[in-house]
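Construct the complete structure from the given sequences, taking the supplied hints into account.
Next come the chains, spelled out residue by residue.
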Amino acid sequence: MNLWLTLTVNSVALGGVLFLLSSGFSLIFGLMRIPNLMHGSFFMLGAYLGVTLLARGVNFWVAALASAAAMALIGGLIERFLLRRLEGQTLPQVLLTLGFAFIIADVCLMLWTGDPWQPATPGHLRGAVQVAGLYFPIYRLVIVLVAVAVAVALWLLVDWTRLGAMIRAGVDDAPIARVVGIRVSRLFTLVFALGAALAAFGGVMGAPYLSVYPGLDFEMLPLALIVVILGGVGSLLGALVGSFIIGFLYNFGTALLPDLAYVILFLPMVLILVLRPQGLFGKVTT
Amino acid sequence: MSRPASRITSAAVVSALLLALLATLPVWLGRHPYYVNIASQILLWSVAALALNILVGYAGLVSLGHAGLLAVAGYAVGLLLQAGGGHLVACLAAIGVTLAASAVFAVLALRSTGIGFLMITLALGQIVWGVAYRWASLTNGDNGVTLASRPAPMGLSLAGAGPFYYATLVIFLVALLSMWVLVRSPFGASLAGTRDQPRRMTALGFNVWLIRFVAFLISGFWCGVSGLLYVYYHQFIAPPAAALTASAEILLMVISGGTATLLGPIVGAAIVVIMKNVASAYIERWNLVLGLIFILIISFMPEGLVPGSVRLARAGWAWARASLPIKSARQPQERTS
Numbered sequence: 290m291n292l293w294l295t296l297t298v299n300s301v302a303l304g305g306v307l308f309l310l311s312s313g314f315s316l317i318f319g320l321m322r323i324p325n326l327m328h329g330s331f332f333m334l335g336a337y338l339g340v341t342l343l344a345r346g347v348n349f350w351v352a353a354l355a356s357a358a359a360m361a362l363i364g365g366l367i368e369r370f371l372l373r374r375l376e377g378q379t380l381p382q383v384l385l386t387l388g389f390a391f392i393i394a395d396v397c398l399m400l401w402t403g404d405p406w407q408p409a410t411p412g413h414l415r416g417a418v419q420v421a422g423l424y425f426p427i428y429r430l431v432i433v434l435v436a437v438a439v440a441v442a443l444w445l446l447v448d449w450t451r452l453g454a455m456i457r458a459g460v461d462d463a464p465i466a467r468v469v470g471i472r473v474s475r476l477f478t479l480v481f482a483l484g485a486a487l488a489a490f491g492g493v494m495g496a497p498y499l500s501v502y503p504g505l506d507f508e509m510l511p512l513a514l515i516v517v518i519l520g521g522v523g524s525l526l527g528a529l530v531g532s533f534i535i536g537f538l539y540n541f542g543t544a545l546l547p548d549l550a551y552v553i554l555f556l557p558m559v560l561i562l563v564l565r566p567q568g569l570f571g572k573v574t575t
Numbered sequence: 092m093s094r095p096a097s098r099i100t101s102a103a104v105v106s107a108l109l110l111a112l113l114a115t116l117p118v119w120l121g122r123h124p125y126y127v128n129i130a131s132q133i134l135l136w137s138v139a140a141l142a143l144n145i146l147v148g149y150a151g152l153v154s155l156g157h158a159g160l161l162a163v164a165g166y167a168v169g170l171l172l173q174a175g176g177g178h179l180v181a182c183l184a185a186i187g188v189t190l191a192a193s194a195v196f197a198v199l200a201l202r203s204t205g206i207g208f209l210m211i212t213l214a215l216g217q218i219v220w221g222v223a224y225r226w227a228s229l230t231n232g233d234n235g236v237t238l239a240s241r242p243a244p245m246g247l248s249l250a251g252a253g254p255f256y257y258a259t260l261v262i263f264l265v266a267l268l269s270m271w272v273l274v275r276s277p278f279g280a281s282l283a284g285t286r287d288q289p290r291r292m293t294a295l296g297f298n299v300w301l302i303r304f305v306a307f308l309i310s311g312f313w314c315g316v317s318g319l320l321y322v323y324y325h326q327f328i329a330p331p332a333a334a335l336t337a338s339a340e341i342l343l344m345v346i347s348g349g350t351a352t353l354l355g356p357i358v359g360a361a362i363v364v365i366m367k368n369v370a371s372a373y374i375e376r377w378n379l380v381l382g383l384i385f386i387l388i389i390s391f392m393p394e395g396l397v398p399g400s401v402r403l404a405r406a407g408w409a410w411a412r413a414s415l416p417i418k419s420a421r422q423p424q425e426r427t428s
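Protein chains in written order, with our numbering: chain F, 290 to 575; chain U, 92 to 428.
By construction, these hints were calculated from the structure, which means they are not laboratory data. Mixed in with the good hints there might be a few duds.
Unchecked claim - Here are the simulated distance ranges between beta carbons: (1) G403/F x S400/U: 32 to 42 Å; (2) W119/U x V563/F: 52 to 62 Å; (3) E376/F x A174/U: 32 to 42 Å.
Backbone N, C-alpha and C fix where the C-beta goes; we use that ideal spot for every residue, glycine too.
This is how it looks when you write it as structure tokens:
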């Protein structure tokens with residue numbers, strides 16, 4: 290497989306992982322106005338949990354779902370008992386989520402040591418498929434398929450279900466939504482838990498390909514930030530498109546201009562902020 | 092009413108005492124350069140915290156990219172000295188570079204306020220970290236940049252702990268004084284106006300964006316100065332200086348001490364530096380402690396230690412007056428509020 294094709298496939302796969310990470314971030318930020326600076330930590334902790342389960346011989350999908358469920362529980366508890374009390378106070382929310390991010394980073398370092406963990410690609414996802422004379426690794430394609438499936442599911446949930454309508458109502462006007470009988474606080478806990486679960490799921494999906502190591506949390510968090518700034522706050526389509534743009538920039542930048550890869554990564558964000566502050570698909574400015 | 096006058100006098104006395112304590116600190120701690128160095132660290136981080144406080148406290152703009160600005164100044168000095176420049180030229184150029192970086196940060200981040208501002212500064216700070224870490228041909232990557240020597244302005248060598256402390260103290264006092272003037276100036280008042288009532292300020296004809304931009308530049312300038320102190324103190328700078336953790340530490344200093352106060356960031360810097368040194372002597376897990384302090388402060392003293400302690404002291408004083416009959420007879424009850 291030639292270099293360009295490899296880069297393209299890797300870019301698309303990274304885009305899929307980034308979407309799983311940033312869709313939750315975008316939902317939490319867009320719906321609840323909470324700057325969740327522990328989102329990268331959810332990703333990393335979820336990945337570590339999944340990797341541990343995999344090492345014990347658990348099936349890959351079971352491990353991913355179990356890790357997502359565990360993070361949903363942890364995220365839900367943090368939202369219900371700590372973040373809830375800080376509703377509308379940006380600075381305390383920032384400090385609290387940042388505080389947890391540091392604690393999670395240190396606890397992970399303590400439990401899983403500083404060595405990177407890279408689980409083997411699950412057996413039934415190994416190998417490659419041949420399309421038009423070119424080989425594509427199955428696992429990378431599966432990541433993309435999962436990301437697209439999650440995107441469609443989230444879109445259906447938010448735009449087409451009763452629950453989604455309630456969430457949107459709570460966002461537009463929480464007091465009135467409460468008056469008509471919607472339990473807004475409960476919805477917010479649900480959304481936060483969902484975001485945490487998606488991040489953890491993304492972490493496990495990405496683990497065989499990115500590997501899991503200390504510092505992964507603060508490497509992923511800025512990526513989620515750029516994706517959301519790029520795509521527009523609260524927009525799922527924006528998160529999807531932004532994820533793939535960043536996936537491509539990251540892989541091509543690292544391969545072609547390794548010194549400046551990080552700068553290239555942030556250039557589209559700069560352009561968007563100057564030209565279209567609400568993001569590609571956003572309705573309001575952040 | 093003699094109260095305001097007596098308050099000013101007591102404030103002056105306390106400041107004079109504190110100043111005398113700071114000026115004679117190396118004499119008290121002369122035998123222990125370790126403690127003098129910690130005092131220097133507190134002062135240099137105080138400058139950074141005071142700089143960030145202009146934005147967080149007085150402009151209401153929370154930046155999580157200030158360690159990036161500090162590192163820009165530090166790296167600029169280190170690289171210019173390596174290229175063969177003199178200390179004075181390197182420092183002036185570093186401040187210029189930092190101001191330029193601050194202007195870029197400000198233009199981008201001020202497209203937004205609130206959470207958006209925070210996220211953009213965080214992302215920009217990460218760019219600085221990324222450049223420091225990845226652009227190894229320029230910044231020497233993970234190995235960092237080492238400085239051969241500290242400067243010797245007017246023939247006074249700053250190599251020792253004591254002389255460096257005094258240099259840091261002078262710069263710290265200038266920074267503190269300039270903040271004091273800034274806060275009380277018409278500009279400081281308009282800055283607080285843009286924090287509290289940006290729409291009304293616009294309606295009154297103020298250019299809110301420009302006021303915030305200038306505040307960002309002033310903040311960036313002092314952050315750069317603290318970067319110079321940082322790099323000369325350690326004679327070394329590496330990517331972690333620009334990392335999100337470092338930005339978060341500066342923010343913790345501002346918030347734990349109390350935002351929009353002059354004393355708060357200094358108290359916060361002292362707490363963080365002391366905690367960090369003490370904690371690292373006993374445990375490896377400084378970040379864990381840092382995270383716990385964040386959460387404890389938010390839970391129990393959300394307004395920060397200085398305003399929080401003032402509140403507790405006032406409450407205690409009111410309680411003492413109410414419980415002591417002689418005091419309450421001299422001072423009527425209405426004034427306890």
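Does the hinted range 52 to 62 Å hold for W119/U and V563/F at CB?
holds, 53 Å
Taking the CB of E376/F and the CB of A174/U, does the distance hold inside 32 to 42 Å?
Once the Cβ atoms are compared, 52 Å apart, the range 32 to 42 Å for A174/U and E376/F is violated.
Is 32 to 42 Å right for how far apart the beta carbons of G403/F and S400/U are?
holds, 39 Å
Of the numbered hints given earlier, the model fails hint 3 alone.
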